[in-house]
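These protein sequence lines map, in sequence, to chains A and B.
No gaps in the numbering here: position 88 of the first sequence is 88 in my numbering, and each next residue is one more.
No gaps in the numbering here: position 73 of the second sequence is 73 in my numbering, and each next residue is one more.
Hints listed in this document are in silico derivations from the structure and should not be mistaken for laboratory results.
Incorrect hints may have been included.
Cβ pair distances, simulated, as ranges [unchecked claim]:
| no. | chain 1 | residue 1 | chain 2 | residue 2 | range |
| --- | --- | --- | --- | --- | --- |
| 1 | B | Gln96 | A | Glu200 | 42 to 52 Å |
| 2 | B | Gly75 | A | Val15 | 47 to 57 Å |
| 3 | B | Gly75 | A | Asp37 | 33 to 43 Å |
| 4 | B | Gly62 | A | Tyr55 | 25 to 35 Å |
| 5 | A | Ala151 | B | Val40 | 49 to 59 Å |
| 6 | A | Gly77 | B | Leu64 | 52 to 62 Å |
| 7 | A | His36 | B | Gly84 | 50 to 60 Å |
| 8 | A | Arg22 | B | Glu83 | 27 to 37 Å |
| 9 | B | His77 | A | Gly53 | 16 to 26 Å |
| 10 | B | Thr97 | A | Gly158 | 21 to 31 Å |
Remember, it's a predicted structure, so these values are computed and weren't measured experimentally.
Ideal Cβ placement from N, Cα and C applies to all residues, glycine included.
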Amino acid sequence: MRIGVITFPGSLDDVDAARAVRLAGGESVALWHGDHDLKDVDAVVLPGGFSYGDYLRAGAIAARSPLMQDVVAAAKGGLPVLGICNGFQVLCESGLLPGALHRNAHLHFRNRDQQLRIERADTAWTESYEQGQTIVVPVKNGEGRYVAAPADLERLEGEGRVAVRYVGRNPNGSLNDIAGVTSENGRVVGLMPHPEHAVEDLTGPSTDGLGFFTSVLKAVVAA
Amino acid sequence: MATSSQDSRARRSAPETRVTRRAAGPRERPGTLVGVSRVVVDVVLKPEISDPQGQAVLGALGRLGHGGVTSVRQGKHFVLEVEGTPDRAELEQIAQTLLANPVIEDVELHLPTD
Chain A
1 MRIGVITFPG
11 SLDDVDAARA
21 VRLAGGESVA
31 LWHGDHDLKD
41 VDAVVLPGGF
51 SYGDYLRAGA
61 IAARSPLMQD
71 VVAAAKGGLP
81 VLGICNGFQV
91 LCESGLLPGA
101 LHRNAHLHFR
111 NRDQQLRIER
121 ADTAWTESYE
131 QGQTIVVPVK
141 NGEGRYVAAP
151 ADLERLEGEG
161 RVAVRYVGRN
171 PNGSLNDIAG
181 VTSENGRVVG
191 LMPHPEHAVE
201 DLTGPSTDGL
211 GFFTSVLKAV
221 VAA
Chain B
1 MATSSQDSRA
11 RRSAPETRVT
21 RRAAGPRERP
31 GTLVGVSRVV
41 VDVVLKPEIS
51 DPQGQAVLGA
61 LGRLGHGGVT
71 SVRQGKHFVL
81 EVEGTPDRAE
91 LEQIAQTLLA
101 NPVIEDVELH
111 LPTD
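Extracted from the complex, chain A is given alone in its bound form (with noise of 0.2 Å):
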């Protein structure tokens, strides 16, 4: 099982996002964002980071990268597509996810083990967890506030868009507390805190993190 983790330049988390693809039994493809090439893998993680250093807005300029033309194109032919933190935005500055991501509300940045709720237990990215179960992995962003028009986010609500909530204290303000969202056929998933820095006791809270890229090897093979 091949899964794909992007480098843009300013990606931070590249190296731990493709660690945490091989604890969990896959294999990790190094991906490049000026490539047009996608290396036949069978998943994408967009890791975190600062991509072109937040110019512009977060994540902006990293939509508009040549290899991220295949990624919209190839998701919305059901590639399975997880963005974290940095790799959310983009997600979300490409298109391929509903709302956008803005500076946190109490302007800080904020680095913390987090809470979180498992909304959707359905998707490429979260079928190894039970819906309603409770995680806690590392939040760490100054611009993690989700955002969206009152009438969007009602909408989302309404589809049953949002993947992940934070539970307990809200870490940027994020609107009806959400903290990752999913796309309609539930293949993308984009979530501001990091998985993949809960995936071993050594340097982790917990473990948690895990379920994320063992989810998405189970899902692979069902497709």
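Model the placement of chain B on the given structure of chain A, informed by the hints.
Chain B alone, transformed into the frame defined by chain A:
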């Protein structure tokens, strides 16, 4: 920008690329500034999207004694130099696809004839 990018569309839509290339022209050939238009694009958050940066500025103004200011909305201001007569449709596309995120932001285009 991407050093290895072969994608002309991505390069063409990057504002810094446009401005740099056009700004270099007049230095090489004095007088060729004729025919270059300046287009201003203002990007502001939609009214229904809260603006914590604007609120922080408003708070600071209050502390400085400017209590008469009741609202601040922070946005972005782009200045583009364009060869020839600016094409409003193309500039609308540039603004809507890259300079602004239409999910949360509105755009105001200011062409030289405005």
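- Holds or violated: 21 to 31 Å for the Cβ distance of threonine 97 of chain B and glycine 158 of chain A? About 28 Å separates the Cβ atoms of threonine 97 of chain B and glycine 158 of chain A, which means 21 to 31 Å holds.
- 47 to 57 Å as the expected CB spacing between valine 15 of chain A and glycine 75 of chain B, which holds or is violated: 36 Å, violated
- Measuring from beta carbon to beta carbon, are alanine 151 of chain A and valine 40 of chain B in 49 to 59 Å? Violated, at about 30 Å.
- Query: Taking 25 to 35 Å as the hint, is the beta-carbon distance of glycine 62 of chain B and tyrosine 55 of chain A inside that range?
  - Reply: 31 Å, holds
- Message: For the hint 27 to 37 Å, verify it against the beta carbon of arginine 22 of chain A and that of glutamate 83 of chain B.
- Response: Once the Cβ atoms are compared, 50 Å apart, the range 27 to 37 Å for glutamate 83 of chain B and arginine 22 of chain A is violated.
- Task: With 42 to 52 Å as the target window, see if glutamine 96 of chain B and glutamate 200 of chain A comply at their CB atoms.
- Result: Holds - the Cβ-Cβ distance for glutamine 96 of chain B and glutamate 200 of chain A, about 44 Å, lies within 42 to 52 Å.
- Item | Range hint 50 to 60 Å (beta carbons of histidine 36 of chain A and glycine 84 of chain B) holds or violated | Taking Cβ atoms as reference, histidine 36 of chain A and glycine 84 of chain B lie about 31 Å apart, which means the hint is violated.
- Query: For the pair glycine 77 of chain A and leucine 64 of chain B, does the Cβ-Cβ distance stay inside 52 to 62 Å?
  - Reply: 55 Å Cβ-Cβ, so the 52 to 62 Å window holds.
- Could you see if the CB distance from histidine 77 of chain B to glycine 53 of chain A stays within 16 to 26 Å? 19 Å, holds
- Just tell me: holds or violated, for the beta carbon distance of glycine 75 of chain B and aspartate 37 of chain A against 33 to 43 Å? 38 Å, holds
The structure fails hints 2, 5, 7, 8 (numbered hints given earlier, in ascending order).
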